[in-house]
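Trainee: Note that the protein sequences, when read in sequence, are chains A and B.
Each residue of the first sequence is one higher than the one before, starting from 40 at the first, in the working numbering.
Each residue of the second sequence is one higher than the one before, starting from 40 at the first, in the working numbering.
Any given hint could be a false lead.
As the list claims (entries may be wrong) - Derived coverage of chain A by chain B (criterion: at least 3 residues anywhere in the stretch with Cβ under 8 Å from a Cβ of chain B; other residues may be distant): (1) 118-125; (2) 137-143; (3) 152-162.
For the record, the hints were derived by calculation from the structure and aren't laboratory data.
The structure displayed is predicted, hence computed values, not measured ones.
Positions of the beta carbon are idealized from the N, C-alpha and C atoms, including for glycine.
There are 2 protein chains.
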Amino acid sequence: MRLVLPVVAKLPGNEDNLARLACAVRLLHRRGVRVRIVTDAQYMGLQGSQIGLLRQAGIQVRHDQESGYMHHKFAIVDGRMVITGSLNWTTQAIQNNRENVLVMEDAEYVKPFLDEFERIWEEYNPI
Amino acid sequence: MRLVLPVVAKLPGNEDNLARLACAVRLLHRRGVRVRIVTDAQYMGLQGSQIGLLRQAGIQVRHDQESGYMHHKFAIVDGRMVITGSLNWTTQAIQNNRENVLVMEDAEYVKPFLDEFERIWEEYNPI
Ligand SMILES: [Zn+2]
Ligand SMILES: [Zn+2]
Numbered sequence: 040m041r042l043v044l045p046v047v048a049k050l051p052g053n054e055d056n057l058a059r060l061a062c063a064v065r066l067l068h069r070r071g072v073r074v075r076i077v078t079d080a081q082y083m084g085l086q087g088s089q090i091g092l093l094r095q096a097g098i099q100v101r102h103d104q105e106s107g108y109m110h111h112k113f114a115i116v117d118g119r120m121v122i123t124g125s126l127n128w129t130t131q132a133i134q135n136n137r138e139n140v141l142v143m144e145d146a147e148y149v150k151p152f153l154d155e156f157e158r159i160w161e162e163y164n165p166i
Numbered sequence: 040m041r042l043v044l045p046v047v048a049k050l051p052g053n054e055d056n057l058a059r060l061a062c063a064v065r066l067l068h069r070r071g072v073r074v075r076i077v078t079d080a081q082y083m084g085l086q087g088s089q090i091g092l093l094r095q096a097g098i099q100v101r102h103d104q105e106s107g108y109m110h111h112k113f114a115i116v117d118g119r120m121v122i123t124g125s126l127n128w129t130t131q132a133i134q135n136n137r138e139n140v141l142v143m144e145d146a147e148y149v150k151p152f153l154d155e156f157e158r159i160w161e162e163y164n165p166i
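Just chain A, with the same shape it has in the complex:
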């Protein structure tokens, strides 16, 4: 599973979608699914950040380096399904905003996201 979210680190309230998301991700990881996460550096250190917990669980996380803004909000599941849209995966956005989310399995649409993931995964390699 590949997750590219700018806001894996923001805690908008008690009913925390991000904590639940992180919990599901850790479960997948424990079951042997390869999980890789790209996040935005500006959000990593915020209160309620799930990134530290995910890293402690052994999940690979990379983040952008200052310049510009990692504004993607997509996930790729099993290399064949992409979930993308305007939505930042927070309770605030889900409950209050007008947003769109697309779930697509057509290779034509999934391929560019797979390519972009691998591109930024390499680009954000800390070494």
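Since chain A is already given, all that's left is putting chain B with the ligands on it; use the hints.
Mentor: For chain B with the ligands alone, kept in the frame of chain A given last:
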């Protein structure tokens, strides 16, 4: 043409994509294309806003009412093509951010955006 953008009103610099976008939209309008725009109230009054000019040109504009955030960034062309993604259509975002934009003509994907447009167009009706 249906345009749903949170940031039709923000001016990021001199090379202003939004002014160029507004110019293209006015041209379409003058040629008889029906153009409807939905924007976010918070951005409408900002410096560099194109909304006043578009309205003066006779283009219909509606905006959300306070609560929540109109976070869509999509356009529908001729009722059959949708342009959507993470991208706010500003020079800053285009030049500096990691973003994605999808251009889709499959009715399966276009239909929900058409429906959402008509839904928010009615919801944001000021009368
Ligand atoms: Zn955003
Ligand atoms: Zn936004």
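Trainee: A separate judgement is required for each hint: does it hold in the structure or not?
Mentor: Hint check results:
no., hint, verdict
1, 118-125, "holds (count 3)"
2, 137-143, "holds (count 5)"
3, 152-162, "holds (count 3)"
The structure shown violates none of the earlier numbered hints.
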